[in-house]
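Line order of the protein sequences matches chains A and B.
Per this note's numbering, the very first residue in the first sequence carries number 1; after that it's consecutive.
Per this note's numbering, the very first residue in the second sequence carries number 1001; after that it's consecutive.
On the chain B side, residues computed to face chain A include the following (Cβ under 7 Å):
| # | residue |
| --- | --- |
| 1 | L1043 |
| 2 | Y1048 |
| 3 | F1090 |
| 4 | F1106 |
| 5 | G1109 |
I should point out that these hints are in silico values taken from the structure, not numbers from a laboratory.
In this text, a Cβ means the ideal position worked out from N, Cα and C, and glycines have one as well.
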Amino acid sequence: QQQVKQSPQSLIVQKGGIPIINCAYENTAFDYFPWYQQFPGKGPALLIAIRPDVSEKKEGRFTISFNKSAKQFSLHIMDSQPGDSATYFCAVGTSGSRLTFGEGTQLTVNP
Amino acid sequence: NAGVTQTPKFQVLKTGQSMTLQCAQDMNHNSMYWYRQDPGMGLRLIYYSASEGTTDKGEVPNGYNVSRLNKREFSLRLESAAPSQTSVYFCASSGRLAGSLDTQYFGPGTRLTVL
Chain A
1 QQQVKQSPQS LIVQKGGIPI INCAYENTAF DYFPWYQQFP GKGPALLIAI
51 RPDVSEKKEG RFTISFNKSA KQFSLHIMDS QPGDSATYFC AVGTSGSRLT
101 FGEGTQLTVN P
Chain B
1001 NAGVTQTPKF QVLKTGQSMT LQCAQDMNHN SMYWYRQDPG MGLRLIYYSA
1051 SEGTTDKGEV PNGYNVSRLN KREFSLRLES AAPSQTSVYF CASSGRLAGS
1101 LDTQYFGPGT RLTVL
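Let's have the full structure, built from the sequences with the hints guiding it.
Rendered as C-alpha cells:
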C-alpha cells in the first residue's frame, strides 16, 4: 500500500514562477512531514519540514502548506530561480522513526 | 566533519558477483539507513539500524544483508548481484536533538550497475 502519493512527476516553470508540488497520505498517525531537495549526482538534503499542529511554515522562499483534514501537504517555491532546478521528495513519518518517501518531482526552472 | 561518507562511488558487477557497500558517519548519530533510488520510484528503504547492534528490514530487503559494525559504520552486502539491483544506493543517518524534528542526513550515493 502506497503510504504517500506525490504529484506531479515533473514540472517546468519560468524564472519567477511559483511551482507547487503536492503530496497526499492515508495514515493519520503520521506527525512529521518533511521535504527533501536533491541535485543531480548528490544525496537528498532536508529543505523544510512541518508538524501537523500548524497549517503553514515558511523558510525563505519555501513554504509548506498543510491540510490535516484532507491529509494533504504541498511545497510552494516563491520567486523560483534556475538554481532551484532539482528533484523534490516529500516524506511522511512519525518523529524519530523511519520515513516513507514520495516518488519525487523533477523541477526545471527556465531562465 | 565529513557527515555521511560512502564507498565506492561507482561499481559495475556481473550477475552473481558479491560486493559490500560501505557507509560511515561522524555525527554520533544512533540511527542509520540504506535506501535505493530508482527512476519514478522515489527512495525505498532497504534496511535500517535504530541503534548499534540492531538492524531491521525495510520495504525492499530481499537480496541484501546489512551489518552495523559499530556506531559509525553500517554496511550493505549483495551476496549474489542481479540486474534488478542496478540502482543508486544511499546511506543516511539521523540523530535526536531535544525539541527538534528528526532529520536524515544522506551520503553522496553509490551508483551500481549489474550486467
